[in-house]
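Number of protein chains: 4
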Amino acid sequence: MVKLKKVLKKENNNKAKEREKPLIIAGPCSVENYDIFEETVAFLKECGVEYIRGGIFKPRTSPYSFQGLREEGIEILKSIKIKYNIKIVSELLDLRDIESLIEIADIIQIGSRNMYNYPLLKEVGKAGKTILLKRGISATIEEWLSAAEYIALEGNSNIILCERGIRTFETYTRNTLDLNCVPVIKQKTNLKIIVDPSHGTGKRELINSMSLAAIASGADGIMVEVHPNPDKALSDGEQSVNFEEFKSIYKNIVNLYNYIGGMII
Amino acid sequence: MVKLKKVLKKENNNKAKEREKPLIIAGPCSVENYDIFEETVAFLKECGVEYIRGGIFKPRTSPYSFQGLREEGIEILKSIKIKYNIKIVSELLDLRDIESLIEIADIIQIGSRNMYNYPLLKEVGKAGKTILLKRGISATIEEWLSAAEYIALEGNSNIILCERGIRTFETYTRNTLDLNCVPVIKQKTNLKIIVDPSHGTGKRELINSMSLAAIASGADGIMVEVHPNPDKALSDGEQSVNFEEFKSIYKNIVNLYNYIGGMII
Amino acid sequence: MVKLKKVLKKENNNKAKEREKPLIIAGPCSVENYDIFEETVAFLKECGVEYIRGGIFKPRTSPYSFQGLREEGIEILKSIKIKYNIKIVSELLDLRDIESLIEIADIIQIGSRNMYNYPLLKEVGKAGKTILLKRGISATIEEWLSAAEYIALEGNSNIILCERGIRTFETYTRNTLDLNCVPVIKQKTNLKIIVDPSHGTGKRELINSMSLAAIASGADGIMVEVHPNPDKALSDGEQSVNFEEFKSIYKNIVNLYNYIGGMII
Amino acid sequence: MVKLKKVLKKENNNKAKEREKPLIIAGPCSVENYDIFEETVAFLKECGVEYIRGGIFKPRTSPYSFQGLREEGIEILKSIKIKYNIKIVSELLDLRDIESLIEIADIIQIGSRNMYNYPLLKEVGKAGKTILLKRGISATIEEWLSAAEYIALEGNSNIILCERGIRTFETYTRNTLDLNCVPVIKQKTNLKIIVDPSHGTGKRELINSMSLAAIASGADGIMVEVHPNPDKALSDGEQSVNFEEFKSIYKNIVNLYNYIGGMII
Numbered sequence: 001m002v003k004l005k006k007v008l009k010k011e012n013n014n015k016a017k018e019r020e021k022p023l024i025i026a027g028p029c030s031v032e033n034y035d036i037f038e039e040t041v042a043f044l045k046e047c048g049v050e051y052i053r054g055g056i057f058k059p060r061t062s063p064y065s066f067q068g069l070r071e072e073g074i075e076i077l078k079s080i081k082i083k084y085n086i087k088i089v090s091e092l093l094d095l096r097d098i099e100s101l102i103e104i105a106d107i108i109q110i111g112s113r114n115m116y117n118y119p120l121l122k123e124v125g126k127a128g129k130t131i132l133l134k135r136g137i138s139a140t141i142e143e144w145l146s147a148a149e150y151i152a153l154e155g156n157s158n159i160i161l162c163e164r165g166i167r168t169f170e171t172y173t174r175n176t177l178d179l180n181c182v183p184v185i186k187q188k189t190n191l192k193i194i195v196d197p198s199h200g201t202g203k204r205e206l207i208n209s210m211s212l213a214a215i216a217s218g219a220d221g222i223m224v225e226v227h228p229n230p231d232k233a234l235s236d237g238e239q240s241v242n243f244e245e246f247k248s249i250y251k252n253i254v255n256l257y258n259y260i261g262g263m264i265i
Numbered sequence: 001m002v003k004l005k006k007v008l009k010k011e012n013n014n015k016a017k018e019r020e021k022p023l024i025i026a027g028p029c030s031v032e033n034y035d036i037f038e039e040t041v042a043f044l045k046e047c048g049v050e051y052i053r054g055g056i057f058k059p060r061t062s063p064y065s066f067q068g069l070r071e072e073g074i075e076i077l078k079s080i081k082i083k084y085n086i087k088i089v090s091e092l093l094d095l096r097d098i099e100s101l102i103e104i105a106d107i108i109q110i111g112s113r114n115m116y117n118y119p120l121l122k123e124v125g126k127a128g129k130t131i132l133l134k135r136g137i138s139a140t141i142e143e144w145l146s147a148a149e150y151i152a153l154e155g156n157s158n159i160i161l162c163e164r165g166i167r168t169f170e171t172y173t174r175n176t177l178d179l180n181c182v183p184v185i186k187q188k189t190n191l192k193i194i195v196d197p198s199h200g201t202g203k204r205e206l207i208n209s210m211s212l213a214a215i216a217s218g219a220d221g222i223m224v225e226v227h228p229n230p231d232k233a234l235s236d237g238e239q240s241v242n243f244e245e246f247k248s249i250y251k252n253i254v255n256l257y258n259y260i261g262g263m264i265i
Numbered sequence: 001m002v003k004l005k006k007v008l009k010k011e012n013n014n015k016a017k018e019r020e021k022p023l024i025i026a027g028p029c030s031v032e033n034y035d036i037f038e039e040t041v042a043f044l045k046e047c048g049v050e051y052i053r054g055g056i057f058k059p060r061t062s063p064y065s066f067q068g069l070r071e072e073g074i075e076i077l078k079s080i081k082i083k084y085n086i087k088i089v090s091e092l093l094d095l096r097d098i099e100s101l102i103e104i105a106d107i108i109q110i111g112s113r114n115m116y117n118y119p120l121l122k123e124v125g126k127a128g129k130t131i132l133l134k135r136g137i138s139a140t141i142e143e144w145l146s147a148a149e150y151i152a153l154e155g156n157s158n159i160i161l162c163e164r165g166i167r168t169f170e171t172y173t174r175n176t177l178d179l180n181c182v183p184v185i186k187q188k189t190n191l192k193i194i195v196d197p198s199h200g201t202g203k204r205e206l207i208n209s210m211s212l213a214a215i216a217s218g219a220d221g222i223m224v225e226v227h228p229n230p231d232k233a234l235s236d237g238e239q240s241v242n243f244e245e246f247k248s249i250y251k252n253i254v255n256l257y258n259y260i261g262g263m264i265i
Numbered sequence: 001m002v003k004l005k006k007v008l009k010k011e012n013n014n015k016a017k018e019r020e021k022p023l024i025i026a027g028p029c030s031v032e033n034y035d036i037f038e039e040t041v042a043f044l045k046e047c048g049v050e051y052i053r054g055g056i057f058k059p060r061t062s063p064y065s066f067q068g069l070r071e072e073g074i075e076i077l078k079s080i081k082i083k084y085n086i087k088i089v090s091e092l093l094d095l096r097d098i099e100s101l102i103e104i105a106d107i108i109q110i111g112s113r114n115m116y117n118y119p120l121l122k123e124v125g126k127a128g129k130t131i132l133l134k135r136g137i138s139a140t141i142e143e144w145l146s147a148a149e150y151i152a153l154e155g156n157s158n159i160i161l162c163e164r165g166i167r168t169f170e171t172y173t174r175n176t177l178d179l180n181c182v183p184v185i186k187q188k189t190n191l192k193i194i195v196d197p198s199h200g201t202g203k204r205e206l207i208n209s210m211s212l213a214a215i216a217s218g219a220d221g222i223m224v225e226v227h228p229n230p231d232k233a234l235s236d237g238e239q240s241v242n243f244e245e246f247k248s249i250y251k252n253i254v255n256l257y258n259y260i261g262g263m264i265i
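Residue numbers (UniProt numbering), protein chains in the order written: chain A, 1 to 265; chain B, 1 to 265; chain C, 1 to 265; chain D, 1 to 265.
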C-alpha cells in the first residue's frame, strides 16, 4: 500500500469499538419535483432515516439524458429540509457550484466519475463538510485512498468512502459489488465506509441481499435509492426500491448491524 | 438469460424454505502428508465440520510448482476417511482419474480452470456423485450456468455452485469476490451455491468478514482453506486460516446462518 | 516474469532474422458439411493459403449449440486433405480424441477454454505435432507462457502462440485484441505468435484493420475465419469474412509483412 | 450504439479519402524545466515534429507526486513556442485554468481521468480550440463518444480522440492498448483518432511496435513521450523513449502511414 499520511491507521488497532447506529442514506436518485421528493422524504423520515439523498446535479453519460433540476432543485431541497428537519446528501459536479451546495447539503457527495478530479477533491477538502467519496468505477483501492488523501491534506478528515460496484466483464449485473474492500478499508484506515447496493447491482431484486452482505462484511452503513414508483423514475428506476421494499430492508439492516457487531474482527 | 432446461427454476417460487445447516467445507488446499492432514481433520471433525477438502491433483500455473500427491494422496484420503468417518471433497483434473476419485470422494470438485472443460463436465455428469462446480475465473453467470447444464443434461442434478472470486483490475486482493451472483443464483435456479472466501480474497485477514458477507448474501455455505501452520503450507498459505481463526469463523457462520434465515427474500 | 526454462530466450538476441512468409491459417470456424468445406478449401488454396482451419470438435458455451461433426468431420477432413494437398489445423478438446486427430491434423489447436487444461497440454506435449496454443480469455501473458512450458517440458517445442482477444469491460467488440502481447512474446521468448482477429474483434468489418495491425505489431501471421456465406454459418458467422473480403485481406497481409520487416526491432 | 447527433457519421461513406500526413505529437510527459524542454523541442523540431506535448498541470494519483510546474510552466511554454515556432498540446485539469491555457495551447488535452468531467467538457466545447479527448481508463467506446458529443454540442467539433490503453486484468503492461477501437471510430464517426503507445503499454521497448500497429489499424497518428534521459524523468520515465529511439519510430511511422493508405477500407 502506498504511503499516505492522513488516511492510513497509525497502528492496526483492532480493539472492538463501540458501534453506533448504521449510517443509512436513502432517497431518490435525483430530485424530480417537489411532490415526489416530499412524499419520499415523509416516508423515509417516518421509517427513521435521517440522511436523505437527492441529486440535483446529475452526471449522465449522454448529454441528452435528464441532467438534474439544478438551481430549481436547490430550492426544493431547502424547503423540504426545513419542513422535515432532515440531513441532505447531494452530489457536487462542478466546483463553481460548491457554495450553493454547501448551503443545503450536510454531506457533499463526490461521485464515481469525479474520484480522479483532483481540483474538485481539493476544493471540498476546504469545505468544512463531511465528504462522501464514491469509488471510481475502475479505481483500485490504492487510488481511492489516494483520492481521500487529497481531501484530507486540505484539512478535512470527515470522509466517508462509498463502495458502489466496479466495472468488470460481468454484464448480468450493472456493476460488480466489491465487498472485499470493506474489511480492507476498516483494517487499514481511519475512514468510515458504506456500500451502495443500488449502483453495485443495478437490479432492485438484489438490493436486500447485498445490503445484508455489506453490513456483514463490516460496512458502517448503506446508501440506497428509493422511489415511490421506481418504474416511472427519471433515472435509475431499475435499481430503486419502492417504499414497502425499503421498509423491510431498513429493518433487516438495523437488526443485522446490531447482531453482527461482535463477530467483526 | 439463456434458455437452460435443467438448472433454471420453472417459476420463481420465493416461498421461504426450511433451512438446513450451512454447508461448510474446510481443510487444506492440498493434502501434503498423512500427519498434517490427520491433524487438520481431527481438529475440523471436533469443530463439527463434516466435509473435508483435500486436493491431491492440483492444477498449478507453473509446471514447477507442487502438483499434488496424486496416487499417494488417494491412499491417505482413504485411510483418514475411514478413521474419522468424514466426507471428502476433492478436485478432478483429468477424466482418466475419475474412477479412482469416485472411490474416495463424496463430492467431486470441478475447479475454476476446468469450468469450460466440457468433456470433463459430461463425464462427471454420469458419475452419480454430487459435483461442486467452481466458477471460472472470468466466467459470466450465464456461462457458469451453462456449464452446470452440461452436467445436468447427463442426468446428474446434484450440483453445488461455488463462487470463488473473479479476475478484475484490482490487484490488492487476489480475486474480486462477486457476491452479487449469490442472490442471482438463488432467485433464478434450483442449484445450491456456496462461497470460497480463501480464493475470493487471497488474504487470510479478510476471510472472516467475507464468510459472514457470503452467508448474509444468501449463500448455502462456505468452503475455506485451513492449515495447522499456514505459513508453511505447500500451496495457498497466504489465504489459509489457522485452527484458532477457523474456530471463530465457524461459530460466526453457524450463528449468522440461523439468524439471517428470515431476512432473505 | 516467472522462471521458465524452455520457452524464454536465453539472451535477448535482437539480430534481425531472415523472415519467411507470414503464417496464414484460414478456413471456416467449423466443418459443416463436405460441400461447403470443399468450396472454401478450393478457394483458399487458389489464394495461396497452405494451412486450413476446420473445427470438428467445437467447444460451445451452450450444450444446445452445434457441437461439431466429430467423427463424420474427420472423414471429411481426410478426404479433402488428400484431394487438395493442404495442411490442417484442428482443435483438440478431449484427450481421448488425440489419436484420431493426430492422423489428420498438421497443427493441433488448443483453444482458449483449454489453456489451463494441464492434462491436455501434457498429452499434446508428447504428440510430435506443432501445437497452436490460444491464449485463455483472461489469461495473463505469464500464465500463457507457463501453459506453453507445460507442453515444452514434455519434449515438444513446436509451439505457436495465438492471441485471440481477452475479456474486458468493453462490450462493443466481442473481445479486446491485446496486441501489446505480440512484441512482448517476440522479445522474451523463442516462440512464434500469430493473431486471430476474428475472435479478437467478433466483427467482420474490423478484421482487415486488425489483421494489418497484428502484422505491424510484429506477429508471425494470422488466423482468420472464412466462409462462403457468413450469414448462414453454423457458428461465428458475424466474425467470418467472405471470399472477396478474404482475398483483399490476404494480399494486404502478405504485402505488409514484407514491407514491415526492417522496421521491427 | 447510442443516438448521438454530432459525432456519428450520417452515412457510412467509405470512399478512400485523400490522406494528409500523420499527426505526430511528441514531447515530455511534463515540462520539467526550461533547459530540458528546450533540448527536447529543438530535437523534435529538427525531426520534423510540429506538435509538442508538454504537461504543466499534471493529474497524479498521489498528492505527494510532482504536480507539474503550473504557472511557471506556462512561461516556459510561451517562450519556447515563440522561439521554435511550434504547436503546443497541453492538458487542462481545472476549468479555472482554461484562459491561461488557451493563450499558449494549440490543442487542449482532456486526460483520461477527466473524460467523465462534464463541466470541463462543456467548457472546452466553448473554447474555439482543437480538443484532444483521451479515452477514460475504463470507458466504453460509447461513453467516450458521448463525452465527445458533450463537447460538440457546445459548438466545437474539432475533436481528436486518443486511445491510450484501457484497464484490464493484465499487469505485465501498464494498460491494454485497445486498437479495436480505431477502425470502429473511423467507420462510425467523423472524428480523428490517434493512439498513445506510451500510456498504452507503459514500457519503452514496446512503443515502436505498437506505434506501427496503431498506424496499421488506421489511426491518424500517435502521441508519444520523448525525453532526453528517460531514466531521470520526473514522471513516466519507463514509458518514454530517448531521442535516438524516437528518430527511428518517427521515420517508421511516416513511411508506414503512406504505405498503408490504400489498404484501409
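Misleading hints may appear alongside valid ones.
As the list claims (entries may be wrong) - Simulated pairs of lysine-lysine, BS3-like, Cα-Cα distance not exceeding 30 Å: (1) C:Lys5 x B:Lys232; (2) B:Lys232 x A:Lys232; (3) A:Lys247 x B:Lys9.
Calculated directly from the structure, the hints in this document are not laboratory data.
Hint check:
{"no.": "1", "hint": "C:Lys5 x B:Lys232", "result": "holds (26 Å)"}
{"no.": "2", "hint": "B:Lys232 x A:Lys232", "result": "violated (58 Å)"}
{"no.": "3", "hint": "A:Lys247 x B:Lys9", "result": "holds (28 Å)"}
When each numbered hint is compared with the structure, a violation occurs for hint 2 only.
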